[in-house]
Amino acid sequence: MREVFKQVRDRIKPPQPASWQTLILLSIFSAIVASITSGQSPQIAQRIISSFGWLFLILGVWWFTYEDGVKKKLTFFNFFIGPWIVGALICIYLFGTVEGRPMPTQAAFISWAPISSIIWSSPKFVKSDPKTRSPVYTNPTVSRRQEIILVLLSNLILSCWFQFYFQIGTWLSENPNLRGGDFTRSGFVWRPNPVDRASAISRGVTLLDSAAQILEEQLEGKPWSEVERWLEQRDQQIPNLRRQAQERLPQASENNLWNLEVPAPSQVSETVYDLPLQAVWTGVTARSNGFQLSRTCRIAQGRKQGPPAQFQFESPAPPATSPARPRLIGTVNCGVISEVEGTR
Amino acid sequence: MFTDVLPLRAILYQLLFIVLAIAVEAFTLQRYLGIGRTTSIQYAATANLLSTVIGWFLFFITEPLLPPDWQQQLLEFIFFNAATNQPLLIGLALPVFLGTFIVKLQSLDWLDLILGNKKPAEAEARDVAKFRGRAAQRQPFANVPSRALAVLWANAASFSAIALIILIRDVFAIPKSAF
Chain A
1 MREVFKQVRD RIKPPQPASW QTLILLSIFS AIVASITSGQ SPQIAQRIIS SFGWLFLILG
61 VWWFTYEDGV KKKLTFFNFF IGPWIVGALI CIYLFGTVEG RPMPTQAAFI SWAPISSIIW
121 SSPKFVKSDP KTRSPVYTNP TVSRRQEIIL VLLSNLILSC WFQFYFQIGT WLSENPNLRG
181 GDFTRSGFVW RPNPVDRASA ISRGVTLLDS AAQILEEQLE GKPWSEVERW LEQRDQQIPN
241 LRRQAQERLP QASENNLWNL EVPAPSQVSE TVYDLPLQAV WTGVTARSNG FQLSRTCRIA
301 QGRKQGPPAQ FQFESPAPPA TSPARPRLIG TVNCGVISEV EGTR
Chain B
345 MFTDVLPLRA ILYQLLFIVL AIAVEAFTLQ RYLGIGRTTS IQYAATANLL STVIGWFLFF
405 ITEPLLPPDW QQQLLEFIFF NAATNQPLLI GLALPVFLGT FIVKLQSLDW LDLILGNKKP
465 AEAEARDVAK FRGRAAQRQP FANVPSRALA VLWANAASFS AIALIILIRD VFAIPKSAF
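Chains A and B, in that order, give the protein sequences. Sequential numbering of the first sequence, starting at 1, is according to my numbering. Sequential numbering of the second sequence, starting at 345, is according to my numbering.
FYI, nobody ran anything at the bench for these hints, they're computed from the structure. Misleading hints may appear alongside valid ones.
[Said to hold, decoys possible] Rough simulated footprint, nothing fancy, chain B against chain A, three-plus residues with beta-carbon under 8 Å:
hint	stretch
1	141-152
2	162-170
3	181-187
[Stated by the list, open to error] Beta-carbon label-pair distances, calculated as ranges:
hint	chain 1	residue 1	chain 2	residue 2	range
4	B	Arg353	A	Val70	32 to 38 Å
5	B	Ala367	A	Gln246	53 to 59 Å
6	B	Ala367	A	Ile32	50 to 56 Å
7	B	Thr428	A	Val126	50 to 56 Å
8	B	Arg375	A	Tyr66	40 to 46 Å
9	A	Gln213	B	Pro439	56 to 62 Å
10	A	Ser122	B	Ala367	29 to 35 Å
11	B	Leu360	A	Arg133	45 to 51 Å
No residue lacks a Cβ here, since even glycine has one placed at the ideal position from N, Cα and C.
From just these sequences and the hints, can you work out the full model?
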């Protein structure tokens, strides 16, 4: 048992009291203590302990990246990227986990590059005093000053790019109709999986299909007078139809980009109406004119002879309409879906 | 806040334009000012990076202040490359050119200040020209290594190069359907 303890201790014991391993161990220790510390809602004690854990982790990693072998491995084309690792940790600590968020915030991403470049340039302002060997402030040499200026400026551009990314996100959430657009012509943005025309059209087709289906359910086989009343009260019926058709679609954000419109029907003859159904794309297109799918449903009068008619024959008090006539019902026949462009 | 629409094209074009502008301007400055290659590259790099940063800052500051229809046009331009308000774009070109010119000229002064370079001997060059007598009088001041003039030429050269690339991009873009 003692052997085991000794082995474990040898394994984790830092080579020197003052080394990066000590700091990492301290941060692990703080993390463990913070995780077993429970408290009331503000969790002040836990936050203080975990802050110390972060502090030790940042200092430990900072130290570690400046170790000789590590520094060599982290240097690409004579450029040492260690500070950007330390900077990322600092930003995650400062802007990410303090409030216990799962994802670092916008501020963390934006400040990452400038903070890292400040960390990168800070050793250049320090030299060791030849007598006391303590660090003192110094002006960097001319070539180093030039380096610092260039690195700082290019990192500011980097954080501008991050800010631009978040700006795009804001624009898209403020203008949801942009989301279905096609960005292939854009000189600024790129989307890994674009909304392709085929799948967008298939959603519009689904919308028209379900609208036609609802229309059939409501009118097919119904008495003709009811059908005519439906057509007269179009203004009340069509919002219903639109809502029901949208409800039948599978849930997807792009579905809202198709709008169902039902213009006034045209009367072909006394008993035949053509009711157009249109799915209009409300998303922004590359051209300013719109894009829509259209389908015409023919609502016609049909005759139906069957038990109800016979039943009317036998009734003792025949209704005002002649019972001898077969019942007049509505029939719905929807045509093919066609694509219309440039109508908006 | 996080979206799958990435500004990758903007980043790539900006990288390309910055590298191109630094190369073109370094070459121009080297020729007009008669300075070394390293110095001219440092000048051009500092000037271009600083003007890019200032440009981004101005964009982020002014974008929320724009009138709504301008914002809409900006979005159409950014997302669909649709220049719906071309007079505005053309009208912006001159202020942008002058603004970058002033920023670049100023940045060289600041760079000299930070690096402790002594100011280029503009006045001395003129004095030397004075003593050359008639030969100098016949030659216009273009022969004098004026830094402002050199930066103006460099800026014009880099703007032309970038405009040419944008033109090529837009002319040879694959025509897409209306969707």
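Here is how each hint holds up against the structure:
no.	hint	in the structure
1	141-152	holds (count 5)
2	162-170	holds (count 8)
3	181-187	holds (count 7)
4	B:Arg353 to A:Val70: 32 to 38 Å	holds (36 Å)
5	B:Ala367 to A:Gln246: 53 to 59 Å	holds (55 Å)
6	B:Ala367 to A:Ile32: 50 to 56 Å	holds (54 Å)
7	B:Thr428 to A:Val126: 50 to 56 Å	holds (54 Å)
8	B:Arg375 to A:Tyr66: 40 to 46 Å	holds (43 Å)
9	A:Gln213 to B:Pro439: 56 to 62 Å	holds (58 Å)
10	A:Ser122 to B:Ala367: 29 to 35 Å	holds (31 Å)
11	B:Leu360 to A:Arg133: 45 to 51 Å	holds (48 Å)
Hint violations for this structure: none, all hints satisfied.
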